[in-house]
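Asker: Using the sequences and the hints given, assemble the complete structure.
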Amino acid sequence: MNTFELLGQGLLTAMQWSNLLYALIGVTLGTAVGVLPGIGPALTVALLLPVTYKLDPAGSLIMFAGIYYGGMYGGSTTSILLNTPGESASIVTALEGNKMARKGRGGPALATAAIGSFVAGLIATLGLAFIAPSVVKFALSFGPAEYFGLMLLAFMTVSAAFGDSALRGITSLTIGLALGLIGIDQLTGQTRLTMGLPNLFDGISVTTLAVALFAIGETFAVASQKVTGEEKVESVKGSVWMTKDDWKRSWMPWLRGTAIGFPIGAMPAGGADVSSFLSYSAERTFSKHPEEFGHGAIEGVAGPEAANNASAAGTLVPLLTLGLPTTATAAIMLAGFQQFGLQPGPLLFVTNATLVWGLIASLLVANLMLLVLNLPLIGLWVKLLTIPRHWLYAGILVFATLGTIGADGSTFSLGGIPVSFGLGLLMLFGILGYLLRRFHYPIAPVVVGLILGPMAEKSLRQALQISQGDPTALFHSWIAIVLWLLAASAVLVPMYMRYRGSKVLEQIAGDTD
Amino acid sequence: MSTGSSGEQRRPDRAVLVIAAVLMVVAIGIGYGTMQQGGVAGYSPVGPKTVPYIIAAALAGLSIMTAIAGLRGDFPEREEQNVPPILWILGGLAIQMLTMKTVGFSLATGVLFAATAKGFGRGPLWLTIPVGVVFSFIVWFIFSKGLQLSLPAGPFERLF
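So the sequence lines, in the order shown, correspond to chains Y and B. Mapping the first sequence onto this note's numbering, position 294 (from 1) lands on 294, and the numbers just tick up by one. Mapping the second sequence onto this note's numbering, position 22 (from 1) lands on 22, and the numbers just tick up by one.
Quick caveat, the hints were computed from the structure, so don't treat them as lab data. Hints should not be assumed to be uniformly reliable.
To be verified - SDA-like mimics (lysine to any residue), calculated; alpha carbons at most 20 Å apart, straight line: (1) B:Lys-49 with Y:Pro-471; (2) Y:Lys-54 with B:Leu-147; (3) B:Lys-49 with Y:Leu-193; (4) B:Lys-49 with Y:Thr-191; (5) B:Lys-49 with Y:Phe-201; (6) B:Lys-49 with Y:Ser-467; (7) Y:Lys-383 with Y:Gly-395.
Answerer: This is the structure in structure tokens:
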């Protein structure tokens, strides 16, 4: 069957009432968490893992992907109207978008962001559909050694390539890898580093760690800030519609943003934040009105917003075809697949073709829903920004602990009193998350390390067992060698650039998503 | 604005040295714990202990590099922190953890809700605790009854 037929069948799956409903819930939630500062798609998907445990796998995954896409849309609203990015991929949007809003052009800024996201999401999702089958064919030839190389590459791009310090990035990653060791060893059934606690036999749950690092750590960090300058929400004045000139200046940046964002998301080369920065600098170079940049140039909103959506779709290429997450959200989605006993990778396209193509087609539908949700209903989302912080964070913590209890409801006896073990871990990791933030360590690598670490270990040990311990087996094919070289350069090239004093990398510090 | 001298004159950063020490302790802990853990004598050269040793070694190496960075004062400057809000929220989490299994989700989480709001400067507790309990109960009802998530029930929840 060719891609068109598969996609057509996928659309039939996506059009089922239940799946449409899941997609709608996903995009609505995603937009909401994108709009709210402090919580992002990674945290939301993590919270929903235990809740969806008993639901339909296809529907749940459609919902997760909807949250991911929705987060990218919603983040732009906060950036434009509040000058505080709702999630990390929208940092650049705040540069030009907020200036536009202050000039009373908030409406067109929101419109170009939403339509740009739609165009990019559409093209990039189609790109995903057409590229995935060939990646799958290629990936079928991968053995454990190649997979290990691939994961090594993902580790390095997630932790060391971006952000302001390779040392701190790799330390974060290693903390995650160490946490991933806890529990029962997959290959031999031996318990490792459980400190004699039966509660730890199943390992650290992804939900607990992600919720603690993202929600609890963030709450501590926000609550302890001394400077609390009142943030001003710009109201949307005038028409939300773009003028003819706006359209003329927007369509090229949309396409350029898509062209930049999709490959960056698809290759393990960092998340949406990276692509939005690159798109912004591209637009500044190509613009006919470079003098407007910094004062509200519409190109500076259109390009990066298209780029971050395109890269969200791009991220799904390695996730679905190789089982390789390159952002925190993708890593948690991988955990979502695993919760249903599904392992993303080339085989998933064979064994669960309906589910995969239904998911891809649902993304097209979700994208359309998001356009509707974000343009005419923008006023509703702006209202979310007016929730006072004390209620907002109190509510976030209620849901955070709800998800944790759902993921790890085990009891631990503390001097005879039954206490919740999951909440104890949540508290510990919450403090960890706060300290990581305080000392400028990135958060995402910890989560990626926890999820990908055990998989990488399995590949490594399988590769070495096949070769009876001969480490040269890890470099037995040219694919593996290339992957190792890429992984090495992902650490060394940025180090050299930092040494040369380039500031670009510091700015594109990937963090929450 | 800040008390520490910035820029030119960089001093050893004591907090970063503490991080380095903690990393080293964790590295030794993982190495020692792995050594102590018995298990089948593997006929394979790579077993369940291989990767823990690699991670322990990596952490030890990172600890040394962090210590060097700390001595050179390479870490970015930190903003001053307001400690009481953190203690309020931490206290809320601790009470919730300790009481959850005994008094049920709504009461324990209601306290957390109020403590968090207090951390952000919103009181008084006699008002926020009831608000939190009602809110948590609604959440409990939706997720426990509607979505069959297994959440601890206390005397209050058992009425339903």
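Asker: Could you run down the list of hints and mark each one as holding or not?
Answerer: We went through each hint and held it up to the structure:
Under the criterion of a C-alpha separation no larger than 20 Å, the hint pairing B:Lys-49 with Y:Pro-471 is consistent with the structure, at around 16 Å. Proximity of Y:Lys-54 to B:Leu-147 is assessed by CA-CA distance (about 8 Å); at most 20 Å being required, the pair is judged to hold. With a C-alpha separation of about 10 Å, the suggested pairing of B:Lys-49 with Y:Leu-193 holds against the 20 Å cut-off. Using a Cα cut-off of 20 Å, the hinted pair B:Lys-49 and Y:Thr-191 holds, with the two alpha carbons roughly 11 Å apart.
For the hint linking B:Lys-49 to Y:Phe-201, the alpha-carbon distance of about 16 Å falls within 20 Å, and the restraint holds. Annotation: proposed proximity of B:Lys-49 to Y:Ser-467 holds, straight-line Cα distance about 18 Å (limit 20 Å). For the proposed pair Y:Lys-383 and Y:Gly-395, the alpha carbon gap of about 16 Å is at most 20 Å, so the pair holds.
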